[in-house]
Structures are given as C-alpha cells and as structure tokens.
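Undergrad: Residue-level listing of the chains:
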Amino acid sequence: MAGDAVLRALATACPAARAADGSDAVAGVTPRYAASPASVAEASALLHAAADHGLCVVARGSGSRLDWGAAPHRCDLVVDTTLLNQVVEHAAGDLVTRVQAGVGLDRLGEVLAAAGQQLALDALAGVRNGTAADAGSAAGGNGSAGQPATIGGTLATGVAGPRRLRYGTPRDLVIGITVVRADGTVASSGGKVVKNVAGYDLGKLFAGSYGTLGLIVEAVFRLHPLPSAAGYTTMAADGPAAAHRAVAAAAGSELAPTAVEISRSGRGQPVRVGVLLEGDPAGVDERSAVLRALLGDGAMTAPEPPGWWGRYDPGTGTLIRVAFWADALPRVLAVIDAAAAAAGVDPLVAGSAAAGVVYAALREDADTGAAAGFIAALRAALARGEADARPQAAARPDSPPVLASVVVLHAPPPVRDQVDLWGPVPGLALMRAVKDQFDPGHRMAPGRFVGGI
Amino acid sequence: MIEHLVPAMAEICGRDGVVTDPLDLRTYECDGLTSHRAAPAMVVLPRTAEQVAAVVRVCAAAKVPFVARGSGTGLSGGALPRADGVLIVTSRMRRIIAVDPASQRAIVEPGVTNLAVSTAARPYGYFYAPDPSSQQVCSVGGNVAENSGGAHCLKHGFTVHHVLGLEIVTPAGELVWLGDGTGSAPGYDLMGAFIGSEGTLGIATKIIVKLTKIPQMVTCLLAGFETTGAGGAAVSAIIGAGIVPAAIEMMDALAIEAAEEAVACNYPEGAGAVLIVELDGPESDVRRDREAVRTLCQEAGSTEIREAVDAAERAAIWVGRKSAFAAVGRICPAYIVQDGVVPRTALGSVLDKIAQLSAESGIRVANVFHAGDGNLHPLVLYDDSSPAATTAAEELSGAILDLCISHGGSITGEHGVGVDKSRYMPKMFGADDLDTMQLLRCAFDPQNLCNPGKIFPTPRLCGEVPGARRGPHPLVASGQAEQF
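Chain order of the listed sequences is A and B. Okay, so the first sequence: first residue is 790 according to this note's numbering, each after it adds one. Okay, so the second sequence: first residue is -8 according to this note's numbering, each after it adds one.
If you are wondering where the hints come from, they were derived from the structure by calculation, not from laboratory data. Honestly, I wouldn't trust all of these hints.
[Claimed, not checked] If you only want the chain A side, here are some residues facing chain B, beta carbon under 7 Å, derived:
no. : residue
1   : 818
2   : 984
3   : 1076
[To be verified] Here are the simulated distance ranges between beta carbons:
no. : chain 1 : residue 1 : chain 2 : residue 2 : range
4   : A       : 1015      : B       : 376       : 54 to 62 Å
5   : B       : 11        : A       : 1127      : 52 to 60 Å
6   : A       : 1241      : B       : -2        : 48 to 56 Å
7   : A       : 1015      : B       : 282       : 14 to 22 Å
8   : B       : 282       : A       : 817       : 54 to 62 Å
9   : A       : 1190      : B       : 450       : 42 to 50 Å
10  : A       : 877       : B       : 286       : 56 to 64 Å
11  : A       : 1174      : B       : 414       : 44 to 52 Å
Glycine included, C-beta positions come from ideal geometry on N, C-alpha and C.
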C-alpha cells in the first residue's frame, strides 16, 4: 500500500519513524507519520524523503507551543526534535554555546550555570494542564506534558520574557544556526564567534518564523555571566498613569535595570510594577535603594521575584501580545480596557512595559464571541492609531503607518478559527517572496503563519 | 553607456542631483577600500525616499545595476560602483527626523552620520551605542548595510541590536517598512536579515534606532604588558571573572610604535602590548569593576597601569588606539587591514602564528584588535610600489584569514565581505550554505541589479528549483506565469 511505501521511505531515512496517532496532532490536525531524527544527517534525509513524497511537515520540540499560530492547512509528518538533544559545545572561555534544537532550555541552563554562565532568555511561565507553574519561576514554559520549551521552539516562536529589556529576544542572542530546508538541504550561517558579519544572517530570518522556512536543527548562542545578586523592587501603582510614571522613571534612570514589568489582574485593580536589578550584592543593594527612592512609598526590594513575575499566561485560554512604543503604555492600557469592557471580558494584563510588550490573557472559559470581539476591537483601535506614541516631528510618511501591533499567540480552537491571529503585516509581499524561495512547495507548516504562509 | 537615463534621473533628482562629468564621477570610484576602483556611469544624489524609489524604478525598468553609497568610508568595497551602473549617494538625506527619549527611539535618514545621532540624543541623556571608529563621518545607512559594531560592541552589541524599524526601497523600487519600531512586528524578521546584507537587498531610506541611556559613569584603564600573551591572559582573567567591560582593546609593539610617532600618545615605554579596558554603567558597579580589572592586570604581570580620572584623560588613553590605522601609514607606504575574528580563547595562539608568518615572510604586521571578542585587525605593512611586495602582502593577508577560519572564527567581524573578501566565502561556508543564503537575495532582488557582485563569489540563478510540488507553482498562483 502507498502508505507503507511512504513509511518505509521515511524509516530508511530516519529509523525512528512511525505511523502517527492522536497524540501527534498539531492544533487539531493529526498527521500520518511522526519521526524523531537523532542527527542532522537523519533530519536531512528525512526531509528529503518527505519532499520526494510531497509531505507537509511540522516540527515539534517539547510541544509546549505547538498550539501557537494557526492550525496547519495540512500536516502529513511531524518531525520530533527531542532526539537532537546534544549540547554540542560550551566554550565557557568564549561565552558561546552550540546546541541542538531539541535541548530543553532548563537543561541547557543547568549546564551553563555550572560554569557561572547563562543563556539570558526567560521562557514565558505558563500553564498547560491546569496546574500552576512553580511560583516565582521565570524559566521554562511548560508544555502539555509539563516539558519545558526546547531551543528550537524558543527560536522558532521568538519568545522572550522579562529580561528582554536588557538582553533582547532569541534573535538577539543567536550567532549561528544550522537548518534543514524543505528539500533536505542542510545549511548554516553565522558561526561560533559573536563578531561575525560574513554572509546573510539566517538566524535572524529563522527566529520567529514558526517553522515555515525549514527545520532548525542547531543554534549557536552568545552567553552572559550569571550575576551574583539580583534585587526585585516592586510597588503597586493605583492606575495606568502612575504605572507609566514608575516604568519611565526606572527605564530612564542610570540604574541599568535588567527588567521592568507590570501586571494587573483585572480592570480597576492596581498595576503592580516590578524592576529587576542585577550585579554584585553591594551594587544591587545600593542601586535598589536609589530605585526605591525613585518609585516612592510602598516600594520594597526582595531577592526573589514576586509571584506574578513573568507570568503572562494563566491557562490554556487566549494569549494576546500587544507591542508598542514604550511611551504609549497608558494609551495601550486604555485601549485594552475599552475593548475589554465593550466585549464583556476582563483580561489579565502583564508584560515588559519598558520594552514595549504587554500581554492580555483570557481564560479558556471566556465566551468565544466575547474573545473574538475583544480582539477585533483591539485591532480597530490600533488601526485608528490609538496605541501609537508617534513623535510630533515624525508624522507619516516619516514613520510607519501604525506603531503598534496585536498578535494572538494562542487561543482555544473556536476562537482561533474565528479571528485573524496576526493583523496587518507590513512587508508581507516580501515575506511571501522569501517563503517561496525557501519552501517553493509550501510544505513547511503551511498556513501557520502570517498571511496564510 | 547609460546616458539615455539622464533625463529621467534629472526629472527625479533635479539636474544638480545627477553627476555625469567624468572627472566628477571619478571622485566616487572607491570607498575606504582604495585598492578597488571603478568610476560609475552616473551618480545620483536624491533628497527623499520617494526619489530613491523612483531612481531604482528607472534602473529596474532599464535593467541597469545600481549601488548605494553613504559616506564612502566602508573598508570592504561595499560601495564600489559598477562601471555600467548608477551610484545612488545618500549624503543629501541627512535629516534627523525625530528624537524621542520617552520611547528611547530616534528616526533618521540614512545619510546622517553615526555621531550626529548621539549628539542629537545627548541633551536628553541618551546616545546611539554602535560607535565605529569612523563615526564622525560614516553614515547610519552604511552602518545598517554592514551591521557595524565599534569598540563598544563587546557590551553594547551591533547595529542589528539597535535598529527597530527600517523603511527600505526594494530592488523593484517599492517603499516598504520592515519592522514598526516596536521590535516585535509580526512576520519574518526581514529587518534583521537586511541589516548586514551590505546593500544587496535594497536601500534603507529611514532608520528607527534605539537610544541607550548614557551610563552614569565611564572610565578606562591603560595597562602595559611585556608581551601580547600576558595581555591576553589578563583579558581571559577579566572575562573569566564575569566582568563585561564596555570595550577591551589591545595593541602590539609595532602598532604602539606607530601610534607614538603619529600622536605622541605616551603609552608605557617598551611595552610589548597595551590593553585599554573601558568600563561603563552605574557608578558603584564601575568603581568595583575597575578595582577588579586593576588587580587582574597586575596579577597577569602588567608593568604599568593608568586609570583615567576624567573625560580628558580617558580621551588621551584612546588617542593612540584611534590613530593606529592612520599611524601605520607613517611607518610604511601602504598597508592591508584585515578584519578576521577568532574565538577569544584562541587569540594567543593565533597572534603567535601571525608573528611566525610575519617572520617567515619578512613582512611586518602591526596588530590592533578588539581583544574582548577576538576581532583582529592585523595591519600588513608593505611597499605598494613593488608588485612583488604587494603580492606577498596579499598572500600573507590571505594566510591570516585562513588562520581565522581554521580556528573556527570569521573572515570579517565588522568591515563586511564586499568585494574584498568574497573569494574567501567558500572557505568559510559550504556550497549549500551560500546557496541557501542567496535564496534571500533571490526573494528581494531576482533581477540581480542591487549591488551585484558583492559578498558572494558566484551569483545564484534565481529561477526554477527542481523537485516535487504540491499545488500550483507559486508563479502561476500569483498570476505571473502560465505553466503548460
């Protein structure tokens, strides 16, 4: 039978290939096959075989974010990267590490911490199975099986947590990448030195690409030393304007904050503000004292993060990311409030305010129509420029048409299937041209990404 | 050759925005890489993004290649013109459109100099972090093309970490925004891929940059050592202690000698190497780090350590380092400057090998480098009036790059590949790597008109890719072709 012939071809390329079952479903689409390559060579042969048989392919690491993005139009083969689990190299003296895509962020963290170093990324703390993630833990977005995110998944979704303010997002830390193209070709760019401008930077291109350009199999990251001390200074602002003042004061100070976060559990609730300072213990103490004076009465410092820290995603509901220019924070909160009130929802609003990113999260049991209405109202407000902090001197066309975006990162299927997850995408035609070059057959995660890519 | 385009270009840029006189064209025949020259067939000087787009549309329709040039300070020939093409110079696009300290952003046109951005931001307490040595002259548009770093990129990163949005003119002549200034725009990070693409994917016409808070304190130390090995050991110790200086620079004896003759920088006499360590950040942190760096340098055998007590002393320490390239021009008629990178832990061994190569060939090599990140600038000194000496110098230069590659490094840390190093690309990358990178070029510039011949030694044909297909061919689906 044709199905057996395909499976045989896949198994020749990759011994750990099998018929898929319901547990392999991607956003409700069950593939026919699943395969776990144990090496880059196997991954290449596997994708080559998939190409020979015209299979559509979706990559899966720990599955912690498999429900992000739209459902694939079609999924014939799930490529499971968990056997690509080698920390290939940790050059501590050079502050560089080369890892395979299936390595978990937490395991990598342990390896690096042994040498006093870190990959300065926070996965989004989240919940997938209804139980709370560890209080105060900012690392390891837990997957459906409670597995932390993998390097590949973190890169492919471009996720970053509180410390993005200082260290950036995955694309800022990746200095080399190896990918397998849809036709099985293996290609690398960058290298293992931080200063490197030779050739195009495929790492930037593949970061945040949701697996639609090819399979990430290895990445090289620049590392940072682990600070010896941390201080989390928190206060509660009574509303958006006070929160904005606190955020701006911290971000605009000379205290070099690592993170400036907000969290508000519901409309009308105080906006909690938290600032992370890192360094040596005496320095953190001194700077935290200055910070407390800046933030005013009620500011307190503790060595551990508050329970709400980095927790943007309270459940398997709808997670919406709003990106904006930092000065627009009060406008963004007003837009969220107006849209939420009109739709009859009350989201958790939290995020990296100084970095211009907040998340609005609705619980899974929120009404589908209300969730969809909330998203639509947000989009409309953004289109009217209500979340823009446009400098007076930079009227269009001296600045982009809209200075903010709303992206639905994940949502329950009824919501996901109703709404536009991505919103307007400047440069979409160019993105399609890039997709057509890298995956002319449109077989890599088709339909998951912007513009139906 | 392309005189027939003059009226159209003059219509777009004004007659004073088009250069056709052969003598004038020759002034644009090279950038900072003076060994490669080619006068363009025409130069245009647009003032607006719309003019750039219109110029490119004319080129695209006429299938004429075009090259963009900012300030022409690049060191890899990225702005080397095409003799059969148009050179699009952005030096008349120098508006600082807006400085927005509340959002820590600025919007600038590509012809604005790098330093001008920091100067404009300073009154608000901010600066623009990527600071190439040529920052008084080099343009932000050029910085975008090369993903420029500068001495302080060790801590502060490169252009790609400080740009949040780009308006570009595509090679088809369309104006498109890549990114929206938030750093989190949906879709592919084409902005991130564009930065460092050396002008081969389009022309940046507006740049949204991130501004960085001016640190509370900046200071630097100068430490003399008997050998580069000892200096290197100090660097390892500093990094190993978890300190992240803003910059760590090293110069060897020959570079010091040249700098001394040029600017009398008064570096420690007889030093085999000097280290310049700059620290910035909150005052308490900087003071503590400075103590630690001093101790580590002493433990590594430093013969003399100076600490800057104010900005004037700091500038004095940097004078020698900043003059190094120009200074070697005084002790030798010509020099080739390389831009290789090696893992920092391999620096000692690579420097020894360079010394060996130098001794064997009898060609002097002065070494200036960003010790913190392994980015070497060996200055190969030679007499360019002798063809034999020129060839030998180029061979030595190539051998140094081979050394960098064999140690797992890069052929270029910041200057770019351009024309200068395209022949080394196949040594650093495999055929499939280069082929895959060029898919990006095919997406942006299928006609291969946008700064062609740079970076890649062999252009990729942007046509059909063989293989199984699912569904209609993309060209058919988009209505551009029929298949029968």
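Undergrad: Could you run down the list of hints and mark each one as holding or not?
TA: Consistency of the hints with the structure:
1. 818: Violated, because the Cβ-Cβ distance from residue 818 (chain A) to chain B comes to roughly 16 Å (cut-off 7 Å).
2. 984: Holds: closest Cβ of chain B sits about 4 Å from residue 984 (chain A), inside 7 Å.
3. 1076: 6 Å, holds
4. A:1015 x B:376: 54 to 62 Å: This hint holds: roughly 55 Å between Cβ atoms.
5. B:11 x A:1127: 52 to 60 Å: 58 Å, holds
6. A:1241 x B:-2: 48 to 56 Å: 43 Å, violated
7. A:1015 x B:282: 14 to 22 Å: 21 Å, holds
8. B:282 x A:817: 54 to 62 Å: 60 Å, holds
9. A:1190 x B:450: 42 to 50 Å: 34 Å, violated
10. A:877 x B:286: 56 to 64 Å: 35 Å, violated
11. A:1174 x B:414: 44 to 52 Å: 50 Å, holds
Hint compliance for this structure: hints 1, 6, 9 and 10 are broken, all remaining hints hold.
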